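Student: Here's the letter readout for the chains.
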Amino acid sequence: MDKKEIICIVCPMGCRLTVSKEEDGYKVTGNTCKRGEAYGVKEMTNPTRVIPTTVKIKNGFLKRLSVKTNKPVPKELIFKCMEIINGVEVEAPVKIGDVIIHNILGTGIDVVATKTMEKIQ
Amino acid sequence: MLNYDIVVIGGGPAGLAAAIEAKKNGVKNILVVDRDRELGGILQQCIHNGFGLHVFKEELTGPEYADRFINELKEMDIEYKLDTMVLDIDENRELSVMNTKDGFMKIKAKAIILAMGCRERTRGAIAIPGTRPAGVFTAGTAQRYINMEGYMVGKKVVILGSGDIGLIMARRLTLEGAKVLAVAELMPFSSGLTRNIVQCLDDYNIPLLLNHTVTQIKGKDRVEAVVIAEVDHKKKIISGTEKEYTCDTLLLSVGLIPENELSKSAHVKLAPVTGGPMVNESMETTVKGIFACGNVVHVHDLVDWVTKESQKAGKSAAKFIKNQLKDSVDTVKTLAGNGIAYIVPQVIRPSNIENTLDLLMRVKDVYRNGKLIVKGDGKIIKEMNKRHMAPGEMERISIPSRLFKEKNIREISVDVVKAGE
Ligand SMILES: Cc1cc2nc3c(=O)[nH]c(=O)nc-3n(C[C@H](O)[C@H](O)[C@H](O)COP(=O)(O)OP(=O)(O)OC[C@H]3O[C@@H](n4cnc5c(N)ncnc54)[C@H](O)[C@@H]3O)c2cc1C
Ligand code: SF4
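Top line first, the protein sequences correspond to chains A and B. The first sequence maps to residues -17 to 103 in the numbering used here. The second sequence maps to residues 3 to 423 in the numbering used here.
Extracted from the complex, chain A is given alone in its bound form:
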């Protein structure tokens, strides 16, 4: 894709950016400030997102434990990560910050618990 329309979300202005590929890199138009330019280029070259989701949990008072990737993962890996995360089941007790999946897809990024859940008797 050579040209893309995206909305900048660095600040609430929400400028509509047009990012196009030029010979010497990317050109951003529609931005009101420099931060928008940097955002536009990042979104074209290496967009990343934190994935907040859940895993199954046994012996907790709820059936799902909330988790997230501890760093943003490349956007194109989101659904692959979800497949792995959905295959996992943990057992209470779990503490907030515990690593649930180590080094997901070899990215060096861990999936960690975002909630503490005690074991129910």
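Accuracy of the hints is not assured; some may be wrong.
One-sided excerpt, in silico: chain B residues whose CB lies under 8 Å from chain A [unchecked claim]:
1) 39
2) 63
3) 301
4) 358
For the record, the hints were derived by calculation from the structure and aren't laboratory data. It should be emphasised that the depicted structure is a prediction, and the values quoted were computed from it without experimental measurement. Yeah, the Cβ is synthetic: ideal placement off N, Cα and C, and Gly gets one too.
Since the structure of chain A is provided, determine the placement of chain B with the ligands on it from the hints.
Tutor: Quick look at chain B with the ligands alone, frame taken from chain A:
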């Protein structure tokens, strides 16, 4: 009868912050009551990130943000009761409370803090013609099912309303393998944060249909399809634009309203636009000694502002108990002027403001390169250029206390001025 200095109703971010702040200000005997199984309120089901950017300068998920305050509450040894429902409050600050362990209790409080949050509007469901099959949920209910209980609500989904919960659920359902066909929004703009439109819809190519609404629900036992049509600027359906979407689920995200049963039972006066209690500069309601904060007062977009507002309520309740809140006759009224939907607080007693007073408000429309103008008795006291304003994003204006004292103002109003006017 049990006796407490302060009873906080609701253990969400508002109740937690208020209780902690009251204790920090010297109140020892505090009780937090929540009807849920755990503390944290609505945040426990909001597993997405984006919380705490202002308070902690980092991006936390809802449960993580709640966890910090829950820990602080426990470390400070503040008493709390879960699975406990407050049934009624009277003007003498006596509460009727009930749970399965202690049964029915009467509690007398020197001060009460209302922090019951809000609930979802379901009005939209009733107004849509068609059958009443299974598969119609409010977005928040679906969120609780998926994120906490582990039930998936459907495979092909249409969402009505583009508030933040609807947007967040569009992404959540997509990640869990459902197909979200469209988000239909009656207004010409979304009431959600731009960040959520981009990261929840654009990221997954989910169409946002502005000026559209659901006109019909089809299906006998389960939703089979919904019809979406375009509306004109008077919100009238433009005939011929109807389009049928085959789906098994319809989520409604048509707004939130403060949870008011208890406020009413205490005879607290409600403000017409916010739907929550009218409050003064100290977050005190119209009933002496009853304070309110968080979504029960007005629906907030960011939890950070809930925390700040609730700290003020906690501190004020502590002052009230110590007889340090000044009851003055020289009250200042706030007035929502052109383009402003409402302002909180509604009433100000200048002698209780410490350094600055924050006015929180929402604009009625989307404005680019506009201005907010604050007037005291008709004279401009502050002007702020705003490159972007939208109803989905709350505005805050800080006013230094000396302005009230020097000028002896009786009324503060805020207007929006459009670019070029
Ligand atoms: C889907 C969604 C997404 C959001 N996304 C963001 C975001 O990305 N970033 C952000 O900063 N903010 C976000 N918010 C906003 C933020 O979460 C809320 O503004 C905040 O949680 C409100 O806190 P509260 O304590 O007022 O209410 P709540 O969290 O609703 O807490 C109220 C508590 O009171 C209890 N209660 C009510 N009535 C009674 C009674 N009679 N007796 C006993 N207990 C009672 C309830 O059980 C509940 O625990 C989002 C909100 C929602 C709904
Ligand atoms: S380009 Fe600059 S002004 Fe526009 S949204 Fe991005 S950060 Fe804000």
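Student: Taking the earlier hints as the rules, which of them does this structure contradict?
Tutor: Those not satisfied are hints 3 and 4.
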